[in-house]
Structures are given as structure tokens and as C-alpha cells.
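Construct the entire structure; sequences and hints are all you get.
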Amino acid sequence: MWSFLHKLASPPHFYGISARMIPWFYAAGLLAVAYGSVAGLFYAPADEEMNDGFRIIYVHVPAAFISMSAYMVMAIGAGIGLIWRMKLAHAVAAGAAPLGAWFTFLALITGSIWGRPMWGTWWEWGDPRLTSELLLLFLYFGYMALRAAIDDTAKADKASAVLALVGAVNIPIIHFSVEWWTSLHQGSTLLKSGGPAMHPDMLYPLLAMILGFALLFAALLLARVRTEVLHRERRTRWVRDLIMPAGEAA
Amino acid sequence: MTELLSGNDLCLLRGDRCLFQRLNFALNCGELLFVEGVNGSGKTSLLRGIAGLLDFESGYITWDGQKILDAYQGFRSDLVWLSHRVGFKGELNLLENLQFESALRSCSMEKTAAVIERLSLAPLTSLPFRYLSAGQQRRVALARMLLANARLWIMDEPFTYLDKAGQALVAELISEHLAGGGLCVAASHQAVDIAAPTQRVTLQ
Amino acid sequence: MSGQDRQLPGLMEGFIAIVRRDLLLAWKRPGDVLNPLFFFAMVASLFPLAAAPSPEQLMLNGPGVVWVAALLATLLSLNSLFLSDFEDGSLDQIILSPQPLPLLGLGKAAAHWLLSGLPLVLVSPLIAVSYRMPADIVGVMMLTLALGTVSLSLLGAIGAALTVGLNRGNALLSLLIMPLAMPVLIFGARTVSLAATGDPYAAGIYFLAAYCMLALTLAPFATAAALKISNE
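Protein chains in written order, with my numbering: chain A, 1 to 250; chain B, 1001 to 1204; chain C, 2001 to 2232.
Mixed in with the good hints, there may be bad ones.
[Stated by the list, open to error] Short derived list, chain C residues pointing at chain B, Cβ under 10 Å:
no., residue
1, I2018
2, K2028
3, R2029
4, S2084
5, G2089
6, S2130
7, T2197
8, D2199
9, A2203
10, N2231
If you're looking for bench data, these hints aren't it; they were derived computationally from the structure.
Note that CB positions come from ideal geometry on N, CA and C, so glycine has one too.
Laid out in C-alpha cells, this is it:
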């Protein structure tokens, strides 16, 4: 197990293995999303209160789930990179941030679209989950802005890793404080549909969508990290050999 | 391993450029490591790496048989650092600055008067530091080195801004420090004459 | 040489030395302390001028406005926390001193609080009175501000350490710290509002105190790591 992980952490090896993994992630992810969309949009029964409007959860909930998981991936990558000085882990953290930001953005947009018929407004400050998502988006922005401001890659890796870890400690606190704040806010307890009492015909497509989003996220992340690794290792022999095979070089 | 300070297979990159690789040295009590090279050849980076301010791409520094980052606090108490940014506060006067330094290093101020006298800083003690000339500021930085009572001196360009007498004084102080069993790592683009066992590293 | 048998320095010495030095520097350069304070007072008086609220609205929104102004004023003063140390080379000396770096980072944050947080707490009653807050609410507000600004100084020190030496560090610092500071802002402002409407507010105070303790424990280590990285 250890030797496998160790090997995976070496950039050329990762580059080779990930190339073989990505198509499988794409295929499985698309399959899950296809099932989830068809079953969720056409076969799941309409909600009693919200009619067909509820169907946006098939995009909203998976996007929100991935937006948080991406931050976790980022923070874990940053931690590993900082403690064990593993460059690949830093590349994973760097690759996860923009993806996470996009999924957060998607969750915000879909949440807002959902909110329009529910609350009669595009944005409701009283909803804790939407507000937390917004703050999460700001955290992603901060992380990416810090990376962009530092020219030296190694330094950017380490500085942004500290920030990611500080953010990871703070996210539960932010979530909790937003919730506490809104619990004092009357008339905003509208979001109850996601409970465990969901009809199985509604629930299974949702789970499939979450799984599908996760697989697609993994595929996109691997693709990003591959590019990142290639860029970072551009001076090394294996990248040169890759781009210009030995025969042509002569 | 008998040497006190050693660099092992050091390699450093700056951006896309490799400043040096497979660099080795070993230094003992009373020895000077002299780093020479043109501007931009990585002298300062090497010194910062030796002090542990900068991570090498690969390789490591040992002090007293231990990697410095494994016992960094102990290493720092054996070390005093001089660079072109002298690290004193312009608003505070010379004594206030030195007082802060000695509080950080918990060393006594007894010798201060003698050191100030020797470096001909006596008339300047009550002026805000920023009113001092560049050469005078360098002399105050030398006072820090003498007061710190550390075994390892790391000096980046110790001769800049100083007049002839000042340069001779620096050479004399380094010789004394080495004769007393200390170590010194110095980087400079100009040749100097210090009577002590010297190792040279030339960076391209 | 006496280097061999030297003891490592006492823990509090470096902490006290750095707090002392920063207070001394502020004494010689009072603008650095006063400007954020004026900024705080001005932002707090912008609101009544711009929104022209009725007295009831003013009392209702007052805590939020005071807290936002406090956050902005703190961010303003944070930018210079490590800047001069970085520029004149003191940061090298601080990192290379035999003191534990987290403790020195804590010292910098403590000095920052004494120079920006504490004056803010002391000035806030003036603004509260102009907002027609009753006297007992003013006490609650000062307590939340005291606890909250300690957290902000500690949290802000991390951001200041991460952005020191970067171009455009000023805007970046705010971008990094504001989302992290949101719990402090929410609890600070809401606690005062609760007190103003006569509701129980102790939970908010407890939260702010707990957050402050957490920041006190963890933030210095992040500050130290960030300082080392930024100073490379």
C-alpha cells in the first residue's frame, strides 16, 4: 500500500496512471448523471408543495455537496503538501480550487433560482445554507487570489496551503454561526424538503446525481492536475522525453 | 563527522534557473567559508539557505551533526545574521535597537559600551537610527554581531558601504572571531584578505 | 566561546520585548494608531448621514454599523503589521532569533490589539451614545468588541503574514480575512442587537470568548508558518 502511494506521488507515474483512470471516471460519472437526470426529471413524483420546481435539487444538492468536498480535498492536499513536502499534493490543492469555486457558483445560482418561486425573491439572507455557500465562494476567491499574487510556484504552494488549512478550521465555525444567526431570523425555516423522509423514487436519482458529480469532479480534477504537473515539471527529462520522443530529438 | 557546519549536495532553483547544484562544504571551528560570485549568482540565496530562511530544492545543512531544521531553535541561538537590510528600526535610536536585539537573544548589555566605543559609534547613540549614514548603519549591525555572542556568523556583503577603515575593521573582527574558535560564512563580490583557514565557493 | 553552554532564552522575554518595541514605535509614530481610529469614527458617522434613519432605526442598526466599522478599521491597520519589519530586514532577525516564532507572532498580534483594538473599544461608547444606545447596552457592546477585536487581531496577523511583501497586498489582505472574520462579525453584532431588544444574549458572549480562545491557541502557529514562507 505504502509503496503504491509512494509511486503514485512521483509525477511521471501519476501522469501515466491518471491517463488511464480519467476515461473510466468520465464514463461512470456520465452514466450516473444520465440515470439521475432522466429518473429525477421525468420519473420522480412531483413534490406536494413545490410541484416540479423541486427538481432543481438534482443539480443544486450535488453541486453544493461537491463545493464543500472540493474544499476538503484542497485542504487535505495542502496539509499533505505542507507537512510531507509532496509537490503532487500541492498540485492537487491548486487544481481543486477553481473547480470548487465553479461548483460553489453553480450551487449558488441553482439555489437562487430555486428561491425565486419559494421565497418570491432571488436572494434570501435568512437562508443559512445559501449564505454559507456565498462565504465559501469568498474563501475560494481568497485562496485563488493569494496564489495568483505570488510568482514563485513553491512559495505560492506553501502560502496558500496555510490559508487553506486556516479556512478548513473556520468553515464549520462559519457554517454554525450563520445557522445561529438565521435561527433568530423569523420566517426563514422553509428548507425542509431535504430530510430523510424523502420518497425513494426521489431519493435514488439524487444519490445517483451526487455520485455522478463526484466522479466527474474527480475526472476534471485529475485532468487539471495532469496539466499542472506537466507545467511544473517542464524542465525535467521525463517531460522532454514525453513531448519529444528520443528518436526525434536527435 | 567532525565538522561543525556542513552543506550536503545542495541544489537551489530560482524560477526556471538552477543557481547551483551538488554543492558541498564542511566547516570547522576557526574556519571561514567565503562565497564569491558576480551579482545574481545566488550568493545571498545560498546564505539564506544556510541560515534556514530558505528551503533548498534538495540537500541539507547540518550543524553539530544534526540537520538544522530538526533542531532549528538551538541552531538559531548559535547564529547571528548580517545582510544588506540591517534590520533596525529607523525611529528608534541605536541603544533602543540593540536593547531589543539583546532581549530577543537574552544576552547581557554589559559589553555594549566597549563595543560601541570600538566601532566608533559613541557620538551617535541618541540619534534616531534613520539619521545614520549607510556606513554607520553597517557598523551598528556589526555591534549586534559582537553582542550576540554567537559561534556562527553569517554575513552577506559585509564590506559594502564601509570606508577603508571600516573594511579593515570588519576583516579584523572576522579574524578575531575565527581565532576565538568561531565560524564565519561570508559572501562578497570583492576579494578580501583575512588571515584564517579559508574555504572558497565560487558561484557562476 | 561561551556559545556552547548557553541556555535557551526564557519564553516571556521575547514576547515582552516585541510588544515593548512595537508600543515604543507607535509612540514615535502616532499617526499609525490614530488614523484607523479616525477611520472608525468616520465610517460610523457616515451611516446616519447617508441613510438618514429614524431614531428607532438607528438604534436597531447601530450595533451592525459599529461592528462593520470596527472590522474595516482593523483591516486597515493590519496591512502595516509586518510591512516595515519585512522591508528593513527586522523580520530576518526576528525569525533567526532563538525565540519560538509563534510566540513572537503572538507578541506582534498583542501589540496590534493594544494599538488598534483597545482604542477602538474605548472610543466606541461615544458612537454608541450618538446612536442613542442605552447605557447597559453600551457595556455589552464594549465587551463584544473587546473579545472580537482580539480575535480579529490574531486572525488578521495570519493574513498580514501571508500577504507581506506582495504587491497589492492591501486589497488581498481584506479579501483573505473578511470571510474568515464573518463569525466574529455575526456574533458580535447580533449579540448587541439581542441585548438591545431585551433578549437573552449570553450565548453570543460565550461564543465570542470561545472563538477568542481558539484563535489564541491556533493562530500564532499559522502566523509563524506564514511569516517564514513569506520571508523566503
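Hint-by-hint comparison with the structure:
1. I2018: Check passed: Cβ of I2018(C) comes within 8 Å of chain B, closer than 10 Å.
2. K2028: Holds - the Cβ of K2028(C) comes within 10 Å of chain B, reaching about 4 Å at its closest.
3. R2029: holds (6 Å)
4. S2084: holds (8 Å)
5. G2089: holds (3 Å)
6. S2130: Result: violated, 35 Å to nearest chain B Cβ.
7. T2197: Violated, because the Cβ-Cβ distance from T2197(C) to chain B comes to roughly 48 Å (cut-off 10 Å).
8. D2199: Check failed: Cβ of D2199(C) comes no nearer than 48 Å to chain B, outside 10 Å.
9. A2203: With a minimum Cβ separation of about 41 Å from chain B (threshold 10 Å), the hint on A2203(C) is violated.
10. N2231: holds (6 Å)
When each numbered hint is compared with the structure, violations occur for hints 6, 7, 8 and 9.
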